[in-house]
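Peer 1: Numbering (this note's numbering), first residue to last: 217 to 348.
The set of hints was computed from the structure by calculation and includes no laboratory data.
Certain hints may be false.
Subject to a maximum C-alpha distance of 25 angstroms in a straight line, what follows is the list of computed SDA-like cross-link-like pairs (lysine to any residue) [as the list claims (entries may be wrong)]:
#1 K286 to R305
#2 K314 to I300
#3 K297 to T270
#4 K286 to K226
Using C-beta positions, here's what the derived DEER-type ranges look like [claimed, not checked]:
#5 I276 to Q224: 37 to 43 angstroms
#6 A279 to S221: 53 to 59 angstroms
#7 V320 to S223: 42 to 48 angstroms
#8 G340 to G318: 19 to 25 angstroms
The beta carbon of each residue, even a glycine, is placed where N, CA and C say it ideally should be.
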Amino acid sequence: MTSISASQKKNLNKMNRASKDVLLGTIVSDLITSASSSTGTLATSIAALQSNATVSASHIVTAGEASASKVILVTGLTGIKGFIGQDLRSGSPIINAKWTSGSVAGTIIVESGVSGSPLPLAAGDLLTYIAF
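Required output: the full structure, derived from the provided sequences and hints.
Peer 2: Below, the structure is given as structure tokens:
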């Protein structure tokens, strides 16, 4: 493995200021040092990256989920600090679903949540999200 220069490390850190205070250059440098010397902070660096991860995905609502009026999305994150979700039907956004963090870490619950909504969750709806 090769190392990264101090200036590359600084530039990576600067680029990622918006990433929840993660100093990506420092983490990458630590990962390289740890991997090549069997010492350092490999586990700490991996944990820092995982705890500040961002994921995006989509899910097509099944008939069973639609009849239960509830979808549980498993993000793969150890915890969710926030998310943005959207429900699409035939390519058009619909505003009917109630999106909340699930009681199980790393999950998002989508329900037909607007009282009296004429548009409950339906089979074939596309749920898209970004979670962090």
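Peer 1: Does each hint fit the structure? Answer for all of them.
Peer 2: Right, here's what the structure says about each hint:
Restraint check for K286 and R305: the C-alpha separation of about 16 angstroms stays at or below 25 angstroms, so the hint holds. The suggested pairing of K314 with I300 holds, with an alpha-carbon distance near 12 angstroms, which does not exceed 25 angstroms. Annotation: proposed proximity of K297 to T270 holds, straight-line Cα distance about 10 angstroms (limit 25 angstroms). Note on K286 and K226: the hinted pairing is violated, with a Cα-Cα distance of about 45 angstroms set against a maximum of 25 angstroms.
For the pair I276 and Q224, the supplied restraint of 37 to 43 angstroms holds, since their beta-carbon distance comes to about 41 angstroms. Between A279 and S221 the C-beta distance comes to about 56 angstroms, which sits within the given range of 53 to 59 angstroms. For V320 and S223, the hinted distance range of 42 to 48 angstroms is satisfied, since their beta carbons lie about 43 angstroms from each other. Separation of G340 from G318 is about 23 angstroms and conforms to the stated range, judged on CB atoms against 19 to 25 angstroms.
Hint compliance for this structure: hint 4 is the single one not met.
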